[in-house]
Each structure stands twice: as C-alpha cells, then as structure tokens.
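Colleague: Sequence:
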Amino acid sequence: MTAPADHPFVSAVRPLVDAMGGELIAPDRARDDDVVLSWEGRAVVAVRLPHISASLDHILADLRRRHGVPLSALDRKTKQGIVRALEQRGAFTVRHGVETVASALGVSRFTVYNYLNREKGAERSEPERSEP
13 MTAPADHPFV
23 SAVRPLVDAM
33 GGELIAPDRA
43 RDDDVVLSWE
53 GRAVVAVRLP
63 HISASLDHIL
73 ADLRRRHGVP
83 LSALDRKTKQ
93 GIVRALEQRG
103 AFTVRHGVET
113 VASALGVSRF
123 TVYNYLNREK
133 GAERSEPERS
143 EP
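In terms of the working numbering, the sequence shown is residues 13 to 144.
The set of hints was computed from the structure by calculation and includes no laboratory data.
Just to be clear, a hint being listed does not mean it is correct.
Said to hold, decoys possible - Label-pair restraints from in silico Cβ distances:
(1) GLN100 to ASP40: 32 to 38 Å
(2) TRP51 to HIS79: 31 to 37 Å
(3) ARG96 to ALA73: 31 to 37 Å
(4) ASN126 to ALA24: 37 to 43 Å
(5) ARG107 to ARG60: 43 to 49 Å
(6) SER84 to GLY53: 47 to 53 Å
(7) ARG77 to ARG121: 21 to 27 Å
(8) VAL47 to TYR125: 44 to 50 Å
We put the CB at the ideal spot given by N, CA and C, even for glycine.
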C-alpha cells in the first residue's frame, strides 16, 4: 500500500477494516466499488470491502480465535449465543448462511433453526413492559 501506513487515520480505521475482513489499499488503486477515505480533505486510504460470503467466513474465524477452540467444541449455550449474535449481524441472509454456520458449530441445519426458533419463541413469551 502506498498510503502512509503510520498515518493516524489509517491506524484508527485498521481494526474496523480487519474486523470486517476488508483490505486497506492505496487510494490510487481504488476501484469503483472501493470506499476512499479522506483526512483533512486528502484521500489517505481506500477500503476494499469483502464479498458478503467471505465476511461470514471471516466472522466465524474471528469467533474461533476469540474462543480459543473450534466452535464445534463449545457447549450448547455458547453455540446458541453465537447463533443469536450471528442472526443480529445478518448472517442468515447470506445464501447458505445456515449451512455455513451449522458446519462451523458442528451441528445440523435443523439445530441452527431450532436455536433461531427458540430465541424467537423466548422473545414472544416475554411480557411487554410499559414505560413508567
């Protein structure tokens, strides 16, 4: 990358770009679908966003690193929490998202759907709270 790697703005956005599986590139190498970021009116860096399916793989790999073990080795409650978090991030809107997550968790698609339905059932059974 020809953009200044030690520029404070580049340093500030790097964790976000890494978390979403993007790539930092020089602004002069940016394509039409890249996002060019400026600092004080000057293009400093461009972000190449990942394909949506690659994002899900990146998220699952990050979860594995965070937990320190393969996701399939986690207990049921932790897997349910992961499915809940992935649903909130839109993981199941991606084609084959359920299958990809099921494979990573070492469970069946049916189990992932059960986790999703269980969460939705719990939301429906919670009493509505009124504002004081």
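Colleague: Each of the hints needs a verdict: does it hold here or not?
Modeller: Here's how the hints hold up against the structure:
no., hint, verdict
1, GLN100 to ASP40: 32 to 38 Å, "holds, 37 Å"
2, TRP51 to HIS79: 31 to 37 Å, "holds, 36 Å"
3, ARG96 to ALA73: 31 to 37 Å, "violated, 19 Å"
4, ASN126 to ALA24: 37 to 43 Å, "holds, 41 Å"
5, ARG107 to ARG60: 43 to 49 Å, "violated, 21 Å"
6, SER84 to GLY53: 47 to 53 Å, "holds, 49 Å"
7, ARG77 to ARG121: 21 to 27 Å, "holds, 24 Å"
8, VAL47 to TYR125: 44 to 50 Å, "violated, 35 Å"
In the structure shown, a violation is registered for the earlier hints numbered 3, 5 and 8, in ascending order.
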